Each structure stands twice: as C-alpha cells, then as structure tokens.
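All chains should be modelled from the sequences, with the hints used to inform the complete structure.
Taken in sequence, the protein lines are chains E and X. In this note's numbering, each residue's number is its place in the first sequence (first place is 1) plus 1. In this note's numbering, each residue's number is its place in the second sequence (first place is 1) plus 11.
Hints are computed from structural coordinates only; laboratory data are not their basis. Keep in mind it's a predicted model, so treat the numbers as computed, not measured. Glycine included, C-beta positions come from ideal geometry on N, C-alpha and C. Among the clues, some could well be false.
[What the hints assert, rightly or not] With beta-carbon atoms standing in for the labels, derived distance ranges:
hint: 1; chain 1: X; residue 1: I151; chain 2: E; residue 2: T227; range: 29 to 37 Å
hint: 2; chain 1: X; residue 1: I57; chain 2: E; residue 2: Y376; range: 57 to 65 Å
hint: 3; chain 1: X; residue 1: Y76; chain 2: E; residue 2: E368; range: 46 to 54 Å
hint: 4; chain 1: X; residue 1: E158; chain 2: E; residue 2: V362; range: 31 to 39 Å
hint: 5; chain 1: X; residue 1: L126; chain 2: E; residue 2: L53; range: 24 to 32 Å
hint: 6; chain 1: X; residue 1: S258; chain 2: E; residue 2: I272; range: 25 to 33 Å
hint: 7; chain 1: E; residue 1: L53; chain 2: X; residue 2: L95; range: 37 to 45 Å
hint: 8; chain 1: E; residue 1: P339; chain 2: X; residue 2: T127; range: 49 to 57 Å
hint: 9; chain 1: X; residue 1: L126; chain 2: E; residue 2: G104; range: 16 to 24 Å
hint: 10; chain 1: E; residue 1: A136; chain 2: X; residue 2: S258; range: 54 to 62 Å
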Amino acid sequence: MLAASALPAPMIWAQEIKDVTLRQFGTGVSNLNEVAQKVKEDLGFTLEMTALDSDSVTQRAATQPDSFDIADIEYWICKKVWPTGNLQAMDTSKIKNYDKIIGIFKDGKLTPESVIAQGTAPHTVGFVEGPDSKAFAKEQTQWMTLIPTIYNADTLGIRPDLIGRPITSWTELLNPEFKGKASLLDISSIGIMDMAMVCEAMGEIKYGDKGNMTKEEIDKTIAIFTEAKKNGQFRAFWKSFDESVNLMASGEVVIQSMWSPAITAVKTRGIPCVYQPLKEGYRSWGGGIGLSKSLNGIALDAAYEYINWYLSGWVGGFLMRQGYYSAVPETSKEHMTPNEWGYWFEGKPAAEDIANPFGDVMAKAGESRDGGSFYDRMGAVACWNSVMDENQYMVRKWNEFIAA
Amino acid sequence: MKSAKSETLKGWALALPLLVVLLGFLLLPIVMITIVSFWQATEFSIIPAFSLENYEFLFGSSVTYKVFWATFRYALITWALTLLIGFTVAYYLAFHIRSSNVQTILFLVCTIPFLTSNIIRMISWIPFLGRNGIANQTLIGMGVINEPLEWLLYSDFSVILAFVHLYTLFMIVPIFNTMMRIDRSLIEAARDNGASGRQILTNVILPLSKPGIMIGTIFVLTLVMGDFITVRVMSGSQAANVGRLISNDISLLQYPSASATSVVLLVTVLLIIGTLMRFVNIRKEL
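What follows is the structure, encoded as structure tokens:
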C-alpha cells in the first residue's frame, strides 16, 4: 500500500478503492459490525460481514469459494479447507507488522522455552511452500495461509456459588458429586478434546496426541463418557452459545465446557461464574483471515490493506477488551488504557471497573482475570482445537455417544 | 368425439401447473436425494459413484436400529396422546357445543397457539420445566415434593410433552371436520333404537370419524418422524432420532450418508402410511 500511495495519482486509487466491497464470513466471535464500521471510516471501502457457526463456515469455505472474499476461520478449519484450493496464500513481505506477530503463529513457541502443545497448533497449518502449494510447510515461509487475528485459551466454566469448594482439575466434570448438573458441548471436534482432557486427567488414558487420536483412543474415550452419560452425569449437551449461557445462568448446570464470552454473558446477569483455570492446562483455539482464491486486482490490494489495518492495533484492542487475545499485542496496547492492559494482558488486579467495548462491566475494581496473565494462560495450553486423521470415525462414535 | 377430445385436453391443461410443481419440487428432489445416496464423500468433497457403502454402514450399525426405534417410540406415544386429546376435544366441539358460532369461536381458540412460531412454543417450556422453574417451584411451594423433579426437563417426558403440545391441533382439525359431516339423524336413529351413549360413540361416531383420525394420524406420524429440532432442544441434545442423524451428517458435509438415511426414513414412513391406507380408504370416505 505504501507503493500504491507513492504512485503519481494516489487520488484515483483512493477513489477506486472506495467502490470495493469485500465479503467476509466467519464465526460470530470476530465478525462484529463495529469492525466493518471502522473499516469504512479508516479505509474507505465496504466490508460485508456474515456470521455462521463453525460447521457452516467449513462447509461454505470448502464448497462455495465464490461466495466470499475473506474467510475468517479457525486454524483447524484451515487444515480441512486448504487442500480444496479455495484459498490463496498471502505474501508475508506485504504484511507490515509480520515481525511483531506472536511466536505461537510463527514457530509455535510463545517463549523460546515453550513446549508446543498437542493438536492442530496454528503454526503447523500456518504456512505453505509457495503461492500455489496445497501442502503445509514445516517451517516459516514467505507464504502464510491465514493471518492470525484472534485466539484464546478455553477451560471449564463453573458456578462457584453452587459448588462451594475449589475446583482444580478437569476430572471434576465427571465427578459424581455433580451428577445431573454437568454439561458438555455437542460439537464433536471440540467436545472430544474436552473429553480427552478429562480422561487424561483421570489417568484413565494416556494419549499420544489428543488432537490426533487413534481409533482405540477414540473408543476408550467415548466409552468412559457413555458410561457417565448412562449414569445420568449430564443434564444436557449444548450446541449454541445461548444454550450454554442459559444452562449455567438457570442453575441447571454447575460445571460445563464453556467459551469465555459465555462466562461474561452469565456474569452480566449478576450471576457468579468463573472461567476456572485447571492444573492440566487449557484447550486453546486460534482464528485468522484467509483470502479467497478468486480475489485479485484492486480487491486484493484492498484485502492486504485490510489485513495490515487489522494487525495495526484498533481491532486487537477491541477484541482484547472482550477477553480474547490479539496476534500483535504490542500494537493493541496503544488502543487500551493502562488499567485495561494490566487487567486483560498482565493479569493485574483492576485499578477501577473494567468495561468491555459495549459498556458492560466485566470486572469490578480489585478483581483479577481468571487464570492470570497472557503468559500464564497461553503458556499453559495443553492442546489446540484440531481435526483428526480419524475424523470420520470419531464423528460416527460421537453419534453413538449421543444416541446412547 | 371432438368435444370429448378437447375436454381431455382441457383436463390436462388444468392439471399441468400442479404436475409441473409436483415434478419440479417433489419428485425431482427425491430422485436427486436417491441418486446422491449412492455417492461417496470425503470430508470436503462429494464423489459421484455407485456405491452401496452408505447403506452398508447404515444397516450395519447398531446406532441406526437404536435411533430408528427411538423415533418410532416417540411417534407412537405422541400419536396415542394426540389422538386421545384430539378426539376428545373434537367430540366436545362437534357434539356438545350446540351453537355454531360458539363452535367456530372455540375452534379458532384452538389455533391461537399456532400464531407463534413452533420453536418459540417449544422453547418456552424450558424455563417452565427447569430445575428452578415454575413447575418445580409451585410443587415445592404446595408441599407436594421436597426436591425438584429432574425428569421434567431434558428427558423423554419433555420431548413428548413438546410434541403433543405442538401437534395435537393436527389431530383436532381433521377429526372435527369429519365429525361435522356425520349425519345427526344417524345418532338419533341409534338412540331411538336404544343405544347407550357409549354404544353410539363406539358403533356410530368412531367408525364414521375414521377418515379424520387417519388423516390426523398421517400428519402426526410424519411430523414426529421427520422432526430433528424438538428432540434436540427438549432432550438437551441427550437423545437422538433419525432427523438428528441426518442433520448431523449434513453439518459435517456428509451429504451422501445423509441422503441414504433420508431414503430409508422416507421408505419407512411410506410403508407405514401405505399400511394405514389399507385400513381406511380416505378418498372414498371424504
């Protein structure tokens, strides 16, 4: 874009780009209208957003390449979709803040000492050898599949007021004490990982890679949970965000797999809810922006402009103030108050009330974030959301589990 | 001769729009689904082929039988309850309400819940039946129970309750309709010949209401057997029926496998309806 503005007639370019409309679709977490509005303000072109659930996103990216310009997808979805050839690799030399992107998305390491977690770690599907390559590269290259935008570490949500004692391990999900008051999410690819975290914590199964189980490991995992289901451990399974909020808020469930904005939604109703850090670590996920194969010319230029703007800090701050993390934290810092930065990133007690970008109070003065600082949380990732080689087998077993 | 020919032509012309609609929107999709059910799929692509793999897996898996059985069970229980309630309500409307104005008003009252979406009607049961819901709080307040009843929600009970609530009207309407056509002099004749109220019900009204019962039965059975969202929401995703198997497959891009399940379900439902039709000739009695 620097090159473009250095052209003799920058005005013409600026006029043309105003007519560009980019169609972005993705999961609800980062498909926010505020982002589209800000794009219009800052960059001048139009960004159309469509929010779908992760199954529909995968389906659309894999089967309808002409229906979008920008895909906002998770890394495990990328692993499924990239081989279809519907996305084009991005040239990292055009990404201004590339050097500042956090290590998780480049060499996989948060800090030089970090051990890479199991599952589909973002860096393993983050690069390809060349612009037309369908195979993922083992190391960083000039060609990136997704530009990382958003990520977080997930764990179990609990109702501390109804449990009344400390919870420290994933095993508690199957503790008979919570019989009829536990829940799990009914999205097979993520649910199986939560199951694996529990089975491993119980010492029942030792996995080679929780993110890529063998058939035998899948069988054993599902068997343990089927027995628990038959014994009435679960109140319900949830599939949508709202269901998880209602289960928790109504007291039907006191411990369950949950996503961080759902915790916030329960808390804003004045009901205590904790995103409980557990000693075995977190199940983590990350998302990024991918470009459609059919994007070219000025629309492609606009897309690169959008990506550079995305990483330049405003969106990062907007997402971090909701409890997610930005791929380039240091640019986001400029768009947050020191108090917000301290609470969300450094894990410090809030000096005054913390509000999210929509004005809801997320934490009162003196509270600290569940799980602590960025390095405490992202450093304790045990497994990344993933898609397994035995995915189809796993899905069939999952169906059996639901029907059991 | 000439006029007979043009009459035939006119008949065909009149039937043509319906024929086109049925061919394009009913027959063609079914043919497509049947064809796709023999295809193969990987995680992100569908491969045209002729393979029996989908059916082999379907008939070889114990889940299929379990889920089909669960679907039948829901359909049967719902059918029995909607028939009992539907027949009673229709009987009351048709024979106990004398004024036809009141009849119309009460009949419209029955349809009022249908002014809201069926998803809303279903979901509104959840806060009512929940652990801390109105039902449990009332019962505890009245001292009937000490602990909240867990089986009120996210159970077979709640699934069937929702089904009955959603579909009883489909029983009431056709039964009421046939009852209104029953010649009242037949009932008088029965009474004059000394039949008791019960005898009139079982020997006159019930046999003459059969076409309505049958139409209601077809509605309820097909609606319940084809449902996926009620079972998912009301059982808290803990129970499965055939519709959920299909919707799971679709969400995972397994269209061929979803098609195969759909074909089996379609054939099953058609067989059931075919059998029912043998008992009552709906066309003749309408």
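Now for the hints, and whether the structure bears them out:
1. With their beta carbons about 33 Å apart, I151/X and T227/E fall inside the hinted range of 29 to 37 Å.
2. Distance hint check: the CB atoms of I57/X and Y376/E are about 45 Å apart, inconsistent with the given range 57 to 65 Å.
3. In this structure the supplied range 46 to 54 Å holds for Y76/X paired with E368/E, their Cβ-Cβ distance being about 53 Å.
4. Against the hinted window of 31 to 39 Å, the Cβ-Cβ separation of E158/X and V362/E comes to about 36 Å, which satisfies the hint.
5. The given range of 24 to 32 Å is respected by L126/X and L53/E, whose C-beta atoms sit roughly 30 Å from each other.
6. Checking the proposed 25 to 33 Å range against S258/X and I272/E shows it holds: the Cβ atoms sit about 31 Å from each other.
7. In this structure, L53/E and L95/X meet the distance hint of 37 to 45 Å, their C-beta atoms being roughly 42 Å apart.
8. Under the hint 49 to 57 Å, the C-beta atoms of P339/E and T127/X, about 50 Å apart, fit the expected range.
9. Under the hint 16 to 24 Å, the C-beta atoms of L126/X and G104/E, about 57 Å apart, miss the expected range.
10. Separation of A136/E from S258/X is about 33 Å and departs from the stated range, judged on CB atoms against 54 to 62 Å.
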